[in-house]
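Visitor: Below are the chains, spelled out letter by letter.
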Amino acid sequence: MNSPERQGGAGGPELRKLMFNISTMEELGEVLSSRDHFRENLQTALLSLMGSVPVARGALLLRDRESGDLVLAAARGTETRAGLRIPLPAEPARALLRRRRPLSVNAQVPVLTPWMRRTSLLREMGAELLAPLRFKEELVGVVVLGLKYTGEVYNPGDLELIMVMANFIALGVHNQELFRNLETANTQLRRKVAENRRLYRNLESIYGDTVRALGAAIDAKDPYTRGHSDRVARIAVAIGRALGLPEREISALRIASHLHDIGKIAVDNSILLKAGRLDQEEIRQIHRHPMVSYDILSNIAFPYPDVALIARHHHEWVDGSGYPDRLGPKDLLPGMKIICLADSFDAMTSDRPYRPALNLKEAVGRIREGVRVQFDPRVTRAFLEVLRGEVRGEATPPQIIDGLEKRYSSVAMIGSIERFLGELGPVHP
Amino acid sequence: MASFSFTTHATAGRAIIRTSGYLSRTAGEQLEAEIVRLLGGGVCRFVVNLHDTDLINSVGISILIGVIERVRGQGGDLAFSELTPVNEEIFRIMGLQRHARMLRNDGEAEER
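Same order as they appear, the protein sequences are chains A and B. According to numbering that gives the first Met the number 0, the first sequence is numbered sequentially starting from 0. According to numbering that gives the first Met the number 0, the second sequence is numbered sequentially starting from 0.
With the rest of the complex left out, here is chain B (with noise of 0.2 Å):
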């Protein structure tokens, strides 16, 4: 199992973050270290790209789901991109698409 790494683009109080690798527990818990500093630091749009992450745990869909309440209790936006097919299918089961836009690219956020 590929181990969890992802890199940041932040611009202008927006945030891309591409994550590479399976989303478990430890890695769910840098990503929201990073969106929790990111906010701190005036960010409030992302976009977590999650092109090459192959598999999320239910563990790693509660802590999206933790960070998605986080940025929206901000006042902030969450968007997730580039999901595989079956990631995109386990966030419809679990309603995250009603919380959280699912992007085709990192770019649609801008052109919303």
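Extracted from the complex, chain A is given alone in its bound form (with noise of 0.2 Å):
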């Protein structure tokens, strides 16, 4: 505890004082650039100014920017309540503003000896000095100092500490101002962007809708296909979401099920409800319908990617050998792969002009003959893992065998999917 530092060193009171503002200043600087218990560090920032000169008296009044009013935000060693308020006119204001140094309250000065004379607040405070807190060409308040604790007349050095540091409050105080104008920005913008949400949401929704009804509107054409795209997109979202598709291409693949067959309604429906054999023109009429898709959904800016090109492709097999251009593997976007197992099973599994519906055991059979050429692998295993699932009852609601008649035994059907999903082996992308 004898440290130079401890005993005092050399350099007489003049220096002590100097190097005990220096670092009052620093603390002070620390409090006021902290954004959090404004209220708490002005109280902090009183009382260093305070305890630097010092008085025993003394309080910090901020300007009310609608009134102009002055109101109490900081005080020690008087008798003041919260919320005191001092009518600060227009004038005395400016006058103040103008001033660059501290104020005794007895001083003459015009404008301001009236108003501090009429002010009877500041003699109840025991106020002595006023020191107008200024950032750039505002009054952003006072601070308001009662005698000097040591006895003695405000000195010019005082005056000159108690301005340098009322001006270092004033730009704290600036700067909480600046950070609470701009957290309410952001919390209109925060709300502004929950609305957005919001309404994003309700457009979504209804985008949604609208996409349906169409899809069902082109299903009504036939009405061996009513509900087809709906199903379509259900079984295929369900297969998406088993791969992990990322979202948006989940809603590209919803928005082409629902919309891969428009290109029907170039198709004559003599042709769609022909119960017999179709001819080379007739099949090339129907090997023409994903073009007409493509054609008409490719004129639309979807929000999501590939929807056109999806539907164009639902009907291209993994061999290379379907239509309408014969693409391999490698060329078949998942939406591609995932619409053509989707499309296949509700076309198996529903009635048609030329045969009665195939059960769920004879539909996973084709899809079983079709792997590899018509189906891809890993899709496929998708699809399968889903459907287990579902005839466990483990899916609510079931997306695959919703609506189907249930003509099979769940524990033999199991059985059929699992060996089949050991047969498929492990699928890499």
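Keep in mind that the hints are not guaranteed to be accurate.
Said to hold, decoys possible - Chain A is faced by these chain B residues, among others (derived, beta-carbon under 7 Å):
#, residue
1, V58
2, I60
3, G94
4, Q96
Simulated from the structure, these hints should not be mistaken for laboratory data. Every residue, glycine too, gets a C-beta built ideally from N, C-alpha and C.
Since each chain sits alone in its own frame, please combine them into the complex, following the hints.
Guide: Dropping the structure here:
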């Protein structure tokens, strides 16, 4: 405990006071730069100023922007009540703003002296000195100080110190206001973002309903395909989710599924509804529908990727023998492979003019025959896993078996699916 | 910087409070609350021993002034003892010795 610092060192009172003031300014800067507990920090700033002079009585008042009044923000050693207000008309406010030094309450200054005399609260607070808190061309408040604790009069050094600290406090008040405005703007922005999200969700829902309605309208052209697009969409989305596709691709898949057959509007009903064998020209017309779908859909700026392309290629096979472009597996997007299986499965399990619907076991058997020819093995595995879960009753609501007649034994079906999965073996992307 | 703490020995209307650590705002307010508590309990003569308080900032000075005023306002007496040379010099510059005695040790209060 005998360090030179503890012993006082050389330099005398003036140097000691200077060092004390420097350390006070450093601490004051730290207090005022903090964004939290602003009122508490103002109290600390006032105490810091009062302890530097020193004085026993002091108050810090901030100017209310709307009324112009001075409102008590911090006080020490004086009987004051919270929310105390001192009216400050524009003229004395301008006069205070022009002051570059603290002002004695007893000084004879035009405009200010009458205002100070009128303001009995200043006397009640034991005010001796007023220091304006100025930031640039704005009066942000006033510091009121009582008599010096030493009993001496304020000397030029005191006034200089008070003014420097008052300017420092004014800067802190100004910065706090900036922070507050920024926070208000942030809150408003967050509110707007939340509102936009809500609007977006509403729009998305309206958009989904519109697309679904359009798909249903296409299906209605053919009584055998009623509900087809909706079922394909549900199956395709279930497979897409099982494969872990990103949400944007899932949305694209859903829309493409609803609209994949839109090209059928260009196919004559006599062909679509024909019970007998189709001739070459009729087959050619049927095979054109994905291209027509693409032509229609590619004119629409969907908010999701590759909707028109997925619709165009929903009849492509992984062995390259599909239509319309005979694409190989490497050229097929996941969405195309998924919709191919979903579309085929729904077609298999629906009545057609030329055959009755297959039962689930038969449909799975057909898919088994088509793996690596028509269907991608990875997509098939995902489909089977979803199907197995649904047959086990694990998925609510089911997406694949919903609406199918239950003409199968669950145990036998699960066994059959598991054998099929075993045959597929590990499937690499 | 050492955290602030204090111990109080109060007997027959007199209390000696020994502080330790940096006397800043929170510390000063703790000390003030203790003195207010003791005043309420009838203690009116105080010695604040600052031997183990190396550093007092301007906020601490301000709070000590408030404490002196409060004790004097109730007709009491407050003295500081065993100040470090730095603190003693600061107290003199700030005029605290005009309102509160500076003692070499706690016993000096009794001698007077």
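Visitor: Taking the earlier hints as the rules, which of them does this structure contradict?
Guide: Violated hint (a single one): 4; every other hint is consistent with the structure.
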